[in-house]
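Peer 1: Below, each chain spelled out in residue letters.
There are 2 protein chains.
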Amino acid sequence: MTRIPIDGSSNLPRAIMIVILRIGHRPGRDERVSTHCGLVSRALGASSIIYSGEKDEKLIESVKNVVDKWGGRFYASYEENYRNVIKTYKKKKYVVIHLTMYGMPLQQQITKLRKCKNLLIVIGAEKVPPEVYQMADYNIAVTNQPHSEIAALALLLHEYQKGKELNKLFPGAKIKLKPCAKGKSIIEK
Amino acid sequence: MTRIPIDGSSNLPRAIMIVILRIGHRPGRDERVSTHCGLVSRALGASSIIYSGEKDEKLIESVKNVVDKWGGRFYASYEENYRNVIKTYKKKKYVVIHLTMYGMPLQQQITKLRKCKNLLIVIGAEKVPPEVYQMADYNIAVTNQPHSEIAALALLLHEYQKGKELNKLFPGAKIKLKPCAKGKSIIEK
Numbered sequence: 001m002t003r004i005p006i007d008g009s010s011n012l013p014r015a016i017m018i019v020i021l022r023i024g025h026r027p028g029r030d031e032r033v034s035t036h037c038g039l040v041s042r043a044l045g046a047s048s049i050i051y052s053g054e055k056d057e058k059l060i061e062s063v064k065n066v067v068d069k070w071g072g073r074f075y076a077s078y079e080e081n082y083r084n085v086i087k088t089y090k091k092k093k094y095v096v097i098h099l100t101m102y103g104m105p106l107q108q109q110i111t112k113l114r115k116c117k118n119l120l121i122v123i124g125a126e127k128v129p130p131e132v133y134q135m136a137d138y139n140i141a142v143t144n145q146p147h148s149e150i151a152a153l154a155l156l157l158h159e160y161q162k163g164k165e166l167n168k169l170f171p172g173a174k175i176k177l178k179p180c181a182k183g184k185s186i187i188e189k
Numbered sequence: 190m191t192r193i194p195i196d197g198s199s200n201l202p203r204a205i206m207i208v209i210l211r212i213g214h215r216p217g218r219d220e221r222v223s224t225h226c227g228l229v230s231r232a233l234g235a236s237s238i239i240y241s242g243e244k245d246e247k248l249i250e251s252v253k254n255v256v257d258k259w260g261g262r263f264y265a266s267y268e269e270n271y272r273n274v275i276k277t278y279k280k281k282k283y284v285v286i287h288l289t290m291y292g293m294p295l296q297q298q299i300t301k302l303r304k305c306k307n308l309l310i311v312i313g314a315e316k317v318p319p320e321v322y323q324m325a326d327y328n329i330a331v332t333n334q335p336h337s338e339i340a341a342l343a344l345l346l347h348e349y350q351k352g353k354e355l356n357k358l359f360p361g362a363k364i365k366l367k368p369c370a371k372g373k374s375i376i377e378k
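First to last, the sequence lines map onto chains A and B. Residues in the first sequence are numbered consecutively from 1, following our numbering. Residues in the second sequence are numbered consecutively from 190, following our numbering.
Please keep in mind that the hints were generated in silico from the structure rather than gathered at the bench. Every value quoted in this text rests on a predicted model; they were computed, and no experiment measured them. You may find that some hints are simply not true.
To be verified - Quick list of the computed label-pair ranges, beta carbon to beta carbon:
#	chain 1	residue 1	chain 2	residue 2	range
1	B	S374	A	D137	12 to 22 Å
2	A	A15	B	L358	37 to 47 Å
3	A	K91	B	P318	30 to 40 Å
4	B	R272	A	K112	12 to 22 Å
5	B	K279	A	K87	46 to 56 Å
6	B	K244	A	L169	39 to 49 Å
7	B	R262	A	K91	25 to 35 Å
8	A	K189	B	R215	27 to 37 Å
9	B	P368	A	E79	23 to 33 Å
10	A	K91	B	K365	49 to 59 Å
11	A	R26	B	E246	16 to 26 Å
12	A	R83	B	A370	16 to 26 Å
13	B	Y264	A	P130	31 to 41 Å
What the hints assert, rightly or not - Computed cross-link-like contacts, DSS-like style, restricted to lysine-lysine with a CA-CA straight-line distance of at most 25 Å:
#	chain 1	residue 1	chain 2	residue 2
14	B	K357	A	K182
15	B	K301	A	K164
16	B	K316	A	K162
As the list claims (entries may be wrong) - Selected chain A positions facing chain B (in silico; Cβ < 7 Å):
#	residue
17	H36
18	S47
19	P105
20	Q107
21	L113
22	C116
23	N118
24	G124
25	A125
26	H147
27	I150
28	G172
29	K174
30	K182
31	I187
For glycine and all other residues, C-beta sits at the position ideal for the given N, C-alpha and C.
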């Protein structure tokens, strides 16, 4: 498998879209983890996140507030029926990747996945319905160990984009950080 | 920067140790995120996690239960005083890396970091005391955007180990998963 350096300077070609579907959200219990899922999706190059499960306006609002302040194009929304989301994106020719510790190892599948143009990445809460495994084009494991859907999502996004996502730009930001060896350097517009 | 394929089959040399220090834990609010930090540390090749902040026996117990069931050597513990932990590991010649969105870009620093033999990686709750930025040898940002300490930790561990951590073995497991294209395959001993 060949890789390019992670310090590549360009973003993904505009035509490539990565959509995240977070299923089974429960307000209260999942609030922070689901928020992290949204922020990681945005920071690491996805174009949007769709939340399913119980409706949680506060969650959507908190992700939208980050976009408003920190810039870039990123959309957060809610859909009651996750099956319809998967079916809709399949019709649009998106490849559906379900992240699960039961799946096939990322390191063995990544070359194939990189050839897929548009992705719908499904991440679940603790118990994912069996049909999701069947509906997915790929069930992918970031290690076959229990850990975190946030970490699994980050590593898939990172490997799929070969590290280029780390240089993503966020136009229209009201606040930016200047990288700092010690302390903080904040630029407000 | 040169990279090796992520499908390398060996683990880190035994002599290399990666310790995670999670500071500012608050039971209740941080419970799930802190648990994810522990599980990600274990799954992605760290040797231990030290929790600081408010004491939370339940958190330590839940990480220990995963180790007991899923195998491998990994230790979770609590230390009230995080400063002492940092000082102790500095004396042991560990390099202290603090993950913060205010820091220097991972992709620019990783070559240097890979030359460090033993790491203490510090990850904080929302507000990290200024002294941590000063005590750290490196303040490293996985993007200068707000997202998740879980994702930042996963990407640092992944890049530092050049993807080899994905093939880490966990001896003594009572439960193992066989990678599966659809569904689940669980092997219990």
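Peer 1: State for each hint whether it applies.
Peer 2: Here is what the structure says about each hint:
{"no.": "1", "hint": "B:S374 x A:D137: 12 to 22 Å", "in the structure": "19 Å, holds"}
{"no.": "2", "hint": "A:A15 x B:L358: 37 to 47 Å", "in the structure": "40 Å, holds"}
{"no.": "3", "hint": "A:K91 x B:P318: 30 to 40 Å", "in the structure": "51 Å, violated"}
{"no.": "4", "hint": "B:R272 x A:K112: 12 to 22 Å", "in the structure": "48 Å, violated"}
{"no.": "5", "hint": "B:K279 x A:K87: 46 to 56 Å", "in the structure": "55 Å, holds"}
{"no.": "6", "hint": "B:K244 x A:L169: 39 to 49 Å", "in the structure": "42 Å, holds"}
{"no.": "7", "hint": "B:R262 x A:K91: 25 to 35 Å", "in the structure": "48 Å, violated"}
{"no.": "8", "hint": "A:K189 x B:R215: 27 to 37 Å", "in the structure": "33 Å, holds"}
{"no.": "9", "hint": "B:P368 x A:E79: 23 to 33 Å", "in the structure": "30 Å, holds"}
{"no.": "10", "hint": "A:K91 x B:K365: 49 to 59 Å", "in the structure": "37 Å, violated"}
{"no.": "11", "hint": "A:R26 x B:E246: 16 to 26 Å", "in the structure": "25 Å, holds"}
{"no.": "12", "hint": "A:R83 x B:A370: 16 to 26 Å", "in the structure": "20 Å, holds"}
{"no.": "13", "hint": "B:Y264 x A:P130: 31 to 41 Å", "in the structure": "35 Å, holds"}
{"no.": "14", "hint": "B:K357 x A:K182", "in the structure": "33 Å, violated"}
{"no.": "15", "hint": "B:K301 x A:K164", "in the structure": "19 Å, holds"}
{"no.": "16", "hint": "B:K316 x A:K162", "in the structure": "31 Å, violated"}
{"no.": "17", "hint": "H36", "in the structure": "4 Å, holds"}
{"no.": "18", "hint": "S47", "in the structure": "15 Å, violated"}
{"no.": "19", "hint": "P105", "in the structure": "6 Å, holds"}
{"no.": "20", "hint": "Q107", "in the structure": "4 Å, holds"}
{"no.": "21", "hint": "L113", "in the structure": "12 Å, violated"}
{"no.": "22", "hint": "C116", "in the structure": "16 Å, violated"}
{"no.": "23", "hint": "N118", "in the structure": "21 Å, violated"}
{"no.": "24", "hint": "G124", "in the structure": "13 Å, violated"}
{"no.": "25", "hint": "A125", "in the structure": "11 Å, violated"}
{"no.": "26", "hint": "H147", "in the structure": "4 Å, holds"}
{"no.": "27", "hint": "I150", "in the structure": "4 Å, holds"}
{"no.": "28", "hint": "G172", "in the structure": "13 Å, violated"}
{"no.": "29", "hint": "K174", "in the structure": "13 Å, violated"}
{"no.": "30", "hint": "K182", "in the structure": "5 Å, holds"}
{"no.": "31", "hint": "I187", "in the structure": "10 Å, violated"}
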